[in-house]
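The hints should help you fit chain G onto chain W, whose structure is shown.
If you're matching them up, the sequences are chains W and G in order. Counting in our numbering, the first sequence runs without a single skipped number right up to 587 at its last residue. Counting in our numbering, the second sequence runs without a single skipped number right up to 221 at its last residue.
Any given hint could be a false lead.
Just the calculated beta-carbon pair ranges, DEER-fashion [claimed, not checked]:
hint : chain 1 : residue 1 : chain 2 : residue 2 : range
1    : G       : D100      : W       : D226      : 51 to 57 Å
2    : G       : S186      : W       : G173      : 23 to 29 Å
3    : G       : S186      : W       : A454      : 49 to 55 Å
4    : W       : K457      : G       : S212      : 38 to 44 Å
5    : W       : A416      : G       : D124      : 19 to 25 Å
6    : G       : E220      : W       : S525      : 47 to 53 Å
7    : G       : E220      : W       : E357      : 41 to 47 Å
Read the hints as simulated data drawn from the structure, not as lab findings. In this text, a Cβ means the ideal position worked out from N, Cα and C, and glycines have one as well.
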Amino acid sequence: MKTLPHVDVVIVGGGWSGLLMAQELGSRTALQVVVLERGAPRQTEDYAGGMDELDYAVRMRMMQDLSQETVTLRHSPKDRAVPLRQHGSFLPGSGMGGAGEHWNGVVPRFQPDLFELRSHMLEKYGADRLPQDHAMRDWGITYTELEPYYTRADLLLGSSGKAGNIRGNQIDGGNVFEGPRSAEYPNPPLKIPYFSALFNDAAKSLGYHPYPSPAATLSRAYVNPDGVARGACSFCGFCERFGCMIGAKAQPTNTLLPVIQKHKNISIRTGAWVRRVVLDSSRKDGRARGVSYIDFAGEEVFQPADLILLCSWTLNNTKLLLLSRVGQPYDPATGKGTLGSNLTHQILWPGVTAFFEKPLNRFMGSGAAGVVISDLDADVFDHSNLPFLRGGTLSAMSFGHRPIANFGAVPPSIKAYWGSEWKKAAISYYDRTGRIGFAGEHLPYQTNYMDLDATYKDRCGDPLLRLTLDWKDNERRMAEFAVAKATELAHAMGATEVLLSPPLRTYDVTQYQSTHVQGGAIMGSSPEYSVVNNYLQHWQMPNLFVVGASSFPQNASANPTLTVLAVTYRAADAIVNRYLKNPAALA
Amino acid sequence: MQRRQFLVLSAASIGGVLVYSLDRRAIRLSAQENRSVRILLRFFSQAEALIVAAAASRIFPSDDSGPGAREAGVVIYIDRQLAGPWGRDMRRYRQGPFDDDAPPELGYQSQATPQEVYRRALKDLKGFNQLTPAEQDLKLTQIEDSLFFTLLHRNTIEGMFSDPLHGGNVDMVGWQLIGFPGPRMSNYDDIDKHYGDAFRPKPMSLRQSTGSEIHPIEDEK
Chain W
1 MKTLPHVDVV IVGGGWSGLL MAQELGSRTA LQVVVLERGA PRQTEDYAGG MDELDYAVRM
61 RMMQDLSQET VTLRHSPKDR AVPLRQHGSF LPGSGMGGAG EHWNGVVPRF QPDLFELRSH
121 MLEKYGADRL PQDHAMRDWG ITYTELEPYY TRADLLLGSS GKAGNIRGNQ IDGGNVFEGP
181 RSAEYPNPPL KIPYFSALFN DAAKSLGYHP YPSPAATLSR AYVNPDGVAR GACSFCGFCE
241 RFGCMIGAKA QPTNTLLPVI QKHKNISIRT GAWVRRVVLD SSRKDGRARG VSYIDFAGEE
301 VFQPADLILL CSWTLNNTKL LLLSRVGQPY DPATGKGTLG SNLTHQILWP GVTAFFEKPL
361 NRFMGSGAAG VVISDLDADV FDHSNLPFLR GGTLSAMSFG HRPIANFGAV PPSIKAYWGS
421 EWKKAAISYY DRTGRIGFAG EHLPYQTNYM DLDATYKDRC GDPLLRLTLD WKDNERRMAE
481 FAVAKATELA HAMGATEVLL SPPLRTYDVT QYQSTHVQGG AIMGSSPEYS VVNNYLQHWQ
541 MPNLFVVGAS SFPQNASANP TLTVLAVTYR AADAIVNRYL KNPAALA
Chain G
1 MQRRQFLVLS AASIGGVLVY SLDRRAIRLS AQENRSVRIL LRFFSQAEAL IVAAAASRIF
61 PSDDSGPGAR EAGVVIYIDR QLAGPWGRDM RRYRQGPFDD DAPPELGYQS QATPQEVYRR
121 ALKDLKGFNQ LTPAEQDLKL TQIEDSLFFT LLHRNTIEGM FSDPLHGGNV DMVGWQLIGF
181 PGPRMSNYDD IDKHYGDAFR PKPMSLRQST GSEIHPIEDE K
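Okay, chain W solo, but in the shape it has when bound (with noise of 0.2 Å):
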């Protein structure tokens, strides 16, 4: 294998995570920093004739290529897994920038009790009353302590919406539920469509607390700290899947790289596909000495580096920790181990179809415009007489309606799905359609996990990652609360008709839910239960950073991007200000 010359840091990934920690180490610090991305190179530019819902939202375009890598699932571990053999249930991006390229946008922070979650559970409802086989933990820091980094990437997005909660004051309009803030969001929020104003309007008659949902996508031009300057959001209704001709959509091609490429210090390759970090072996603190990978031209080549950050996707930075032999991988028979512990993921699927008189002229909106309560999330409403913990938002997004998606709902009056009367009805119910949809947290348990599938590989002969994962009994409930709430709120906004998902049973690969996977490496206070700290520095390696949602010890029903850019800013910070006078554990 080709030895490359020595660079000072190494950054696995070109999403939000990796290129935020190339921005900041290389504009702060005079390092040699390269980014490896596997996928191809992107910008803007780019996305001027991508408005084709068939080649990018049916056919996705940008995500990863599944001839070269997937990952296998089974429900328990007592099931043979099978890969997932096409996109499904979350969809990875591949290329510069990410998944973070064809995101919606929706920028809400995590309840500041979401990282303190198995003390605030055991202390609020005893032991007997949690899930047998949870796995809940504690992050290892608090919302106060990242407050000032979720307000430096609300910044760096450029975030519009409306506060709930400024210091401690609670503020109408916004989300109340919410915790503090110390200041307003950048900008105001996105305007609200017809669908969304309904549900505004019926939710304030029940009695709820609505707020425009928060947005990386921006209602006015905007210049954020980095000197980086972007436009307000025509609502052309291409967010979801696409990558914005615009760039009003905060994407880290047009957000980052245009103050990674102000600095030589910094180089991007890209079709760079890393197979391991490699260990050496000479020392006995454990330190990584630099990563292998397959470079554009199909040779494998090392580069060595003082610095390894891995920033990849959730699942990938848990595959190459699994197959570099980096920490004890997780068994739950046993319970020992870290690796690959706490896979979560998220609700998303249930909700209703509210079917209404007046037209809604859904094919205008923006990924992240819409109207949210957060009434029924996390822990803050009474569960004491309901069979579940936790919770979720409720929402009526206006993501702009796109014709392959969306048509063909009917109300249940119409039974037929193909045929004269489905279309007929098809046609005239396909603007007066609108979904309310809840977004629920995925508790950790167990028995939902990650390791080597035993069987299947991809194109370089790796084994597959293999996830082990399903609902229980707290998520089923939930959804089914989710769905009667969602039901009044659809009869409070006047549908005529109301068609409701089917009820949660086993984790389904085939229904999208999110992209919002989590777990694998997760952070915490001791390196018992946890892989990383809470500056996401490996307990065993200090030289090696493994950076994402990967360090969720738990899903939050909100989306987590926010979240991965705070605890990536208060990383990266560590590094700046402590690791490189001292390049020993943080924590």
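Below, chain G without anything else, positioned relative to chain W:
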């Protein structure tokens, strides 16, 4: 090498709308003209194309609620998709073992590509296009649970509503049916107006609205 196959459509059968010729030029045919157009097929034989056209038009019929799969050129759309990377499963994980008995919640596990699924099913549907509409509906009802029918149903909707650059939705007939304006660059001034009233801008295709040549995935070599 297989002989080139063409779909020959009469002007009457496509109801007097635009069709795209093999070099992608639009040809407008009207019902009065007694002429036909030959369209080069990329995957189907002519016999197969006639069956698919007939079946798609039972799923999405041309009737008093408006034009259907026939006018939209759905069969041409499906032919191109099957010949392209999707039809050949270029981006699907294709390593074995293939566990056909895995629970359905773990997704499609078989080895067959969309090309193979169509080809096998079409063998069993020989003569379908010669049946009466009622007989065709009965036949489709019998295969409703098959993977072929699921694909055909999905592909028919795609062919009705994807951008015309993919070969279906000819003249944007699908978009006109439902009032979808296509890729509209800005709705900034309208997003918080028209509450409760239908706002229906004139549809424009991606090529029209960008003014540039867009190459769909299925045309990439």
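Outcome of the hint check:
1. G/D100 x W/D226: 51 to 57 Å: Check passed, 53 Å falls within 51 to 57 Å.
2. G/S186 x W/G173: 23 to 29 Å: Distance hint for G/S186, W/G173 holds at roughly 27 Å.
3. G/S186 x W/A454: 49 to 55 Å: 53 Å, holds
4. W/K457 x G/S212: 38 to 44 Å: The hinted range 38 to 44 Å holds for W/K457 and G/S212, with Cβ atoms some 41 Å apart.
5. W/A416 x G/D124: 19 to 25 Å: Holds, since W/A416 and G/D124 (Cβ atoms, about 23 Å apart) stay within the stated range.
6. G/E220 x W/S525: 47 to 53 Å: 51 Å, holds
7. G/E220 x W/E357: 41 to 47 Å: 45 Å, holds
Checked against the numbered hints above, the structure violates none of them.
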